[in-house]
Amino acid sequence: MTETTHTRRPEPLEFDKPRVSIAKPEYRFDMQGEMPEAERVERAMKSFVKDFGRTAAIYMESCIHCGMCAEACHFYEVTKDPKYTPIWKLEPFKQAYKREYGPFAVIYRALNLKRRVTVEELQEWQQLIYDSCTVCGRCSLMCPMGIDIATLVSQARHGMFNAGLIPHELWAVTERARLEGSPLGATPKVFKDRLEWLADDHEVEIPVDKADADVLCTMSSIEIMKYPDSVVATARIMNHLGVNWTFRLDGYEATNFGLLAGNAAAQKQLTMKLIDAAVACGAKTLILPECGHAYTALRWMGANMYGEPLPFRVLHIAEFLAEQVHEGKLRLKKVPKSVTFHDPCQVVRRGGAIEAPRDVLKALGVELREMHPTKGTNWCCGGGGGVVANHRADDLRYKVFRIKMEQIEKTQAELPVTTCANCRQTFDDGQAHFKWDVKMHSLLELVADNLIEDER
Amino acid sequence: MSSPTLGQFLRARGVTRREFLRFCTATASAMGLSASLAPRIAAALEQARRPSVIWLPFQECTGCTESITRAHGATIESLIFEAISLDYQHTLQAAAGDAAESARARAMQENFGEYLLIVDGSIPTGNPGYSTIAGHDNLSMLEEAAKGAAAIVALGTCAAFGGIPHANPNPTGAVAVSDVVRNKPIINISGCPPIPVVITGVLAQYLTFGKVPELDALGRPIAYYGQTIHDRCYRRPFYERGQFAESFDDEGARRGWCLYKLGCKGPVTYNACATVKWNNGTSFPIEAGHGCIGCSEPDFWDKGGFYQPLSTGNWGTAKTVGTAIGVGAALGIASAALARRRQKAAEGS
Amino acid sequence: MTLLDFARGPALQWSVTIFIVGVLWRLLGVFLLRTRKDLSEPRKPAAWKGLKLIALRSWPRREFLEGTAFGEVMGYAFHVGFLMALFFFAPHVLFFADISRGLLGTDLRGLVGFGWPTLPNGIITLVSAVSVAALVAVLIHRFVNPVKRLISNFDDYFSWFVTIAPLVTGMVAFSHLAGWPYERLLAVHLLSVELLLVWFPFGKLMHAFTIFAARGATGMIFERRGASL
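Residue numbers (our numbering), protein chains in the order written: chain A, 930 to 1385; chain B, 62 to 410; chain C, 1272 to 1500.
No wet-lab data here; the hints were simulated from the structure. Careful: at least some of the hints might be erroneous.
Unchecked claim - Reference excerpt, derived from the structure (chain A facing chain C, CB under 7 Å, subset only): (1) I987; (2) E990; (3) P1136.
From a predicted model like this one, the values you see are computed outputs, not experimental measurements. Beta carbons are placed, not taken as given, at the ideal position from N, Cα and C, and that holds for glycine.
Using the sequences and the hints, build the whole thing.
Given below as structure tokens:
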């Protein structure tokens, strides 16, 4: 692993802006570690070779350059700049695949038909892969050849990380997460303190570090630091349901900047913390918070990191709530408001929990006005995949945000609701930037606010 | 002894002026010339001395001779043929042995530089013993005879292109006349055999104009070999409409539909069969219900089979396909193994 | 050996051989790569149902149609026309029947009692013309559309060429274009097909095979997760 050469201590965070991130750096260091250019390229190549399996190879062989993926991508939609074509993000990696790993690799190398990827190319591609991709998966849904471009971008990020070519902010927060247990300063100590004063302030019982529990709840740093009401909401609902649940200080951070940055080792480390904590307390269910990529990281990638099927169920909080609704255990007041639901990409389109949030909204008795397009084809908020943490990408992200504003305005719904804290902070940041009078709400908090509590 | 002119000869045989002119007109049109040239043809032929013609038969089946001499009754063609001083022709001559050979030698000497040499059959270049005449091998006989020839007619596909003996594997090393003789004008009258009237028409043109007619890239007179059978085939509309005989004597065949599916090589065969036809205009193979076999083209024996449609080809055999599958699979397995090994190496480091 | 003899002879045999070798090499070279079992608990265990994505992706979702309709329609116009001309033109059917007889010992008539149907020449000409027009249209689009212009490379243009050449040369040969010797037109057409066969395994034309693999893989992965197909 490369050591940082530009900072000796973690980058300062800022919490008073609409979205939490590191403070906008005066100097960006978008290249990490000291190594010769050839070595950077070599490390990137080695990483590709390690990552590419049969499925990725099939995808790399299948692109017919139809360019239709661009039509699905919000970054292309708002700029009409062809460089944002999703499959173009993979161009150096496609070359590398064909040259290093494909069936004709020997021929390509012998006749030098595909040039070696250069450091300059990788640097140019950093912005395409990190600033203008939220791994939202709309392109994967469009591709006539069925190529899962989004997953390939995630895999490509491994190469970029190994080459020491990830954006400044992602490097900084991933280092924090690796060293402190949280990317955004919500260290175990900070978390513990917060839980104490939240329990006090809101008069809610919050169990911590139980030795035996049926349900392990987890939170995202975004909620811990910026939307603490979500922590309270979680506790309220669990208690309302009479669940034997706990938070654990040895495994509570559901976000995974290792996944976002492309740092496979860090991704595994962060995932294992959650798994070990669940195993330690014998939990049968692990609930992920309102977060998008957390779902992808644990629900779909966790077992593979662990090396065997997980010994517990993994549910997004929205899925959990929907289950409780179906089992009649969640008693909710009716909310006589019109609601439109923003689908977090990793939960709905990529994750498959398409109806769960809607089932919960139905139980709340709201008037659901679907925006257009919706569900699997809904537009991304523009902040996922680490983009909202990246200051360099702000202008682009604000352009993309216009799409969401237009979608929501068209529904004229009173209450936009989502179930991902990263989407939520992206909306908050966009709202501030455009001075928009619409605020995004949390499904979790909406439920917690409308529980029918027994009078005890 | 001065030999009579052709005109005198014909009159002596009782050919009327009218019949003679009709022949010249027909010849003119067969050569693609204007009918107004008929008098000129008549005048030339009238005054033509019966030129000396030496006919050398090499590796041949005598089919070309049969074709030409096929009795069409006492037609003008055969008379014209007799009007040439055919000083040497194995099948037709009366003499044999030394008498025949010395007649040939004398004719070649007396008419040196002026005689017309007709060759049928291919020339073996392998063992000279494959084909000899009076103990002389074909190759040296041709070389010697060519020296004094004004022009050479390579009669039939064997002489023009090598024909049957040249077919794979060509055990005798058979070659065409044009492979042996390089410095004399050669007219290739190909066909297996050629149409009789094509031969006489070419000869008539040669006698009339004293020079070799316009030839195509393969040395064949364009007058008769300038178009394909397909271009003039009376069954062409059925080809266009896609109505084909599927097998011999099926309904399509009986209705006279196109024979493409039965292997007809008409589209790529240049000859006059579809216009001039055979047996004095009676019919030609397609009209008789059999596809053209392309007999006036070089190597027609080796084009993949007379009943193989033109759109098929030598894609291989079950064995070559099987081998290709094996090789492809092996390469695929090898490249995957190589990639996996690189992966393992990358993971280890 | 004439050009036609060459085209019907060694050129055909070699190109068919290279085609078979290349296709298997490329397909096996990819399919035999490492794959890892997915240990996550599936939302929908019958992942094979995701193979329906192979059919689903044949037309874009309504939401994506606006920017992609042109490409989709032109793509189908080309493919349908091309495949109709290839498989239902009488001389081509004879070509395939000959191969079938050589490999299986019988053609379709021998197997099922009726022969492979052929379409009238007029229809073949029409669909070939439509196919050529569609190809020209997509080439223009590839030049003019900024996305396609950026991402296109030699493979795209050369594959286009080896695809349109058989169509155009076929139509020219079939029309017995005046003034040209037919045997040469036919030879050029056959050679253009042989060029297509030789190039096929090495360029994007392989999507004819990989489309099933890629769509199938994604279909199964996504179906397992209950993700949007």
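Tested hints:
no.: 1; hint: I987; verdict: holds (5 Å)
no.: 2; hint: E990; verdict: holds (5 Å)
no.: 3; hint: P1136; verdict: violated (26 Å)
In this structure, only the earlier hint numbered 3 is contradicted, and the remaining ones agree with it.
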